[in-house]
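Participant: Sequence:
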Amino acid sequence: MVSKVCDAPILDDPSLRGASSAVSLLSYAVSSDYQRKLLSLGKENTKLKAENSTNVELLRVAREINDEIIDVPPNEVVPDIIDNEEEYEEYE
Numbered sequence: 001m002v003s004k005v006c007d008a009p010i011l012d013d014p015s016l017r018g019a020s021s022a023v024s025l026l027s028y029a030v031s032s033d034y035q036r037k038l039l040s041l042g043k044e045n046t047k048l049k050a051e052n053s054t055n056v057e058l059l060r061v062a063r064e065i066n067d068e069i070i071d072v073p074p075n076e077v078v079p080d081i082i083d084n085e086e087e088y089e090e091y092e
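In this text, residue positions in the sequence shown follow full-length UniProt numbering: the first is 1, and each later residue adds one.
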């Protein structure tokens, strides 16, 4: 299509009809290109939305698992950060 738009005889035609034809071809080419890009971006947007939805679900599940791991029975002592070796030996 682009090669048809760039044909020299059409662009060199001095008549109003020739100029109109050249402008119409250019307009059609530009419109078609934008339409094709719009469709492509729409498909990519749909794909990214689905991927985002999947990631949100994975994040939710990971947070639930994290919450389960963090929940410690009340009788069990879990040290926070051990500053020196003496405290470390207490927990061995």
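Some hints could be false.
[Unchecked claim] So the derived label-pair ranges between C-beta atoms look like this:
| id | residue 1 | residue 2 | range |
| --- | --- | --- | --- |
| 1 | D33 | E68 | 51 to 59 angstroms |
| 2 | S20 | N52 | 42 to 50 angstroms |
| 3 | D67 | G42 | 45 to 53 angstroms |
| 4 | I69 | S32 | 53 to 61 angstroms |
| 5 | R17 | K43 | 33 to 41 angstroms |
| 6 | E68 | R36 | 44 to 52 angstroms |
| 7 | L16 | R36 | 49 to 57 angstroms |
| 8 | N66 | D33 | 43 to 51 angstroms |
| 9 | E64 | S40 | 48 to 56 angstroms |
| 10 | Q35 | E57 | 42 to 50 angstroms |
| 11 | I70 | K37 | 26 to 34 angstroms |
Simulated from the structure, these hints should not be mistaken for lab results. From the three backbone atoms N, C-alpha and C, an ideal C-beta is built for every residue, glycine too.
Participant: Now look at each hint and say whether the structure bears it out.
Facilitator: Now the hints, each set against the structure:
no.	hint	in the structure
1	D33 x E68: 51 to 59 angstroms	53 angstroms, holds
2	S20 x N52: 42 to 50 angstroms	47 angstroms, holds
3	D67 x G42: 45 to 53 angstroms	38 angstroms, violated
4	I69 x S32: 53 to 61 angstroms	55 angstroms, holds
5	R17 x K43: 33 to 41 angstroms	39 angstroms, holds
6	E68 x R36: 44 to 52 angstroms	49 angstroms, holds
7	L16 x R36: 49 to 57 angstroms	30 angstroms, violated
8	N66 x D33: 43 to 51 angstroms	48 angstroms, holds
9	E64 x S40: 48 to 56 angstroms	37 angstroms, violated
10	Q35 x E57: 42 to 50 angstroms	34 angstroms, violated
11	I70 x K37: 26 to 34 angstroms	47 angstroms, violated
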